[in-house]
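Undergrad: So the sequence lines, in the order shown, correspond to chains A and B.
The numbering of the first sequence is our numbering, which starts it at 786 and goes up by one.
The numbering of the second sequence is our numbering, which starts it at 7 and goes up by one.
Please keep in mind that the hints were generated in silico from the structure rather than gathered at the bench.
Nothing here was measured: the structure is a model prediction, and the numbers come from that model.
One should not assume that every hint holds.
Below 27 Å or equal to it, Euclidean Cα-Cα: the simulated DSS-like pairs (lysine-lysine) are [claimed, not checked]:
no., chain 1, residue 1, chain 2, residue 2
1, B, K211, B, K148
2, A, K894, A, K822
3, A, K822, A, K864
4, B, K97, B, K148
5, B, K231, A, K822
6, B, K231, A, K832
7, B, K211, A, K809
8, A, K890, A, K832
9, A, K832, B, K126
10, A, K798, A, K822
11, B, K186, B, K211
12, A, K822, A, K890
13, B, K148, A, K822
14, B, K143, B, K171
15, B, K143, B, K126
Sample of chain A residues lacking proximity to chain B, with all beta carbon distances greater than 10 Å (derived) [unchecked claim]:
no., residue
16, E815
17, L851
18, A857
19, L865
20, G871
21, D879
22, Y885
23, K890
Cβ coordinates follow ideal geometry from the N, Cα and C atoms, glycine included.
Spelled out, the chains give:
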Amino acid sequence: MATESRPRVRVPKTAARGEIVEVKALISHEMESGQRKDSQGNIIPRKIINRFEARYNGELVFAMDLHPAISANPYIAFKLKVDEPGELEFKWVDDDGSVYTDKAKIDVKG
Amino acid sequence: MAKRVLAVLAVAAVAAAGASVPAGAEEQWPAPGYQSVQPQPGNPLPELVSGYWFRTVEVRALQDDDFENPGFLWVERGAELWNTKAGEAGKSCADCHGAAEESMKGVGASYPKWNAELGKPVNLEMRINLCRERNQKAEPWKWESDELLAMTTYVKYQSRGMPMKIDISGPMQEWWERGKEAYYKRRGQLGMSCAHCHETYWGHKLRADTLSQGHINGFPTYRLKWQKIGSLHRRFRGCEEDIRANSSPYGDDEYLALEVYLSWRGEGLPIETPSVRQ
């Protein structure tokens, strides 16, 4: 949605020690490419999420740079090996400097 | 010699890749395992098939997973708006209607409905704005604004899985007739009616796309081309532009009549809001 960005993440609540789990993250964002023009012919300034990072207990486990070709509401999924219980922290960085964050805990059984 | 071995390996690799192409990549109709509904008497379609089954396996997977389905961003926004006080009356939707999961169950599946006061049918978008104006004493939302889309999606979502069924008795009959006329009316520079694509040639290819039966059970729908959720009337406008016709404004009477007719035409199909289409 154009007005505000809201993250959604899906992470399993529990995992076996050493298990590889799938982490999914979605954020609402218009991802304005900077290549479009408005009805007056003026370029609509670029406004995209340019960086995504995920940290597990403070350690960087996944990061990616995003570019203008990525569609609106980017959906990112990656695999994570869970060796210990902890907290995943997600961070999306916007062109305008805003940072959107979300968190999810994973408990380890056994 | 080494080169020849490599070449043979390369051929083998291509063959293996060919065999593992996912089923949806060919995007053929009929889709394996598709489901259909028996139409009402008088319906010209032999069976009713949701637009879902004309899409690729990948697009269907996106719709099926409530997390991956980007339409849920609007469902969530709608849920927030439902509980937000608005207007001079300072009331939220929830103040009168309670939990939407209870009060709005099945409501979205039965619109458009006759509104005696206005002397015409109202669709869900219009009904929501009537409530805003009369009961909340708030400004109506603009058509296709994020707020109106979110609220419409949220209300319609409460009927997900329930069959579409509208009442076309009494004064609605006239609107049904009008909608039917609009459906079969040739329009635009290409001189095509809705029926040319969606009644005669559904299941056939139109360039790289497979034509659907043009049902409306998934609206508002998240369209990958739009990169957001959009209303049925936006789709109507797009269809008219595609056949080089002049499109009408949102909420136009002809679109409303068409919505009445299409709701009848797809009667029995389950509501899929928020659906995902390409």
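Undergrad: Now tell me if each hint is right for this structure.
TA: Comparing the hints with the structure gives:
1. B:K211 <-> B:K148: Roughly 36 Å separates the two Cα atoms, so the pair is violated.
2. A:K894 <-> A:K822: At roughly 53 Å apart (the allowed maximum being 27 Å), K822 (chain A) and K894 (chain A) break the hint.
3. A:K822 <-> A:K864: violated, 38 Å
4. B:K97 <-> B:K148: It holds: about 20 Å lies between the C-alpha atoms, which stays within 27 Å.
5. B:K231 <-> A:K822: holds, 18 Å
6. B:K231 <-> A:K832: Judged against 27 Å, a Cα distance of about 19 Å means the pair holds.
7. B:K211 <-> A:K809: Violated: K211 (chain B) and K809 (chain A) sit about 34 Å apart, past 27 Å.
8. A:K890 <-> A:K832: Violated, at about 30 Å.
9. A:K832 <-> B:K126: violated, 43 Å
10. A:K798 <-> A:K822: With Cα atoms ~44 Å apart, K798 (chain A) and K822 (chain A) exceed 27 Å; violated.
11. B:K186 <-> B:K211: holds, 25 Å
12. A:K822 <-> A:K890: violated, 43 Å
13. B:K148 <-> A:K822: Status holds; Cα separation ~23 Å.
14. B:K143 <-> B:K171: Not satisfied, since the Cα-Cα distance of roughly 31 Å exceeds 27 Å.
15. B:K143 <-> B:K126: holds, 22 Å
16. E815: violated, 8 Å
17. L851: holds, 15 Å
18. A857: It is violated; A857 (chain A) is separated from chain B by about 4 Å at its closest Cβ, not greater than 10 Å.
19. L865: Label holds. Min Cβ-Cβ 16 Å, cutoff 10 Å.
20. G871: holds, 21 Å
21. D879: For D879 (chain A), whose nearest Cβ neighbour in chain B is about 16 Å away, the distance exceeds 10 Å, so it holds.
22. Y885: The claim holds: Y885 (chain A) sits with its nearest Cβ about 13 Å from chain B, beyond 10 Å.
23. K890: holds, 17 Å
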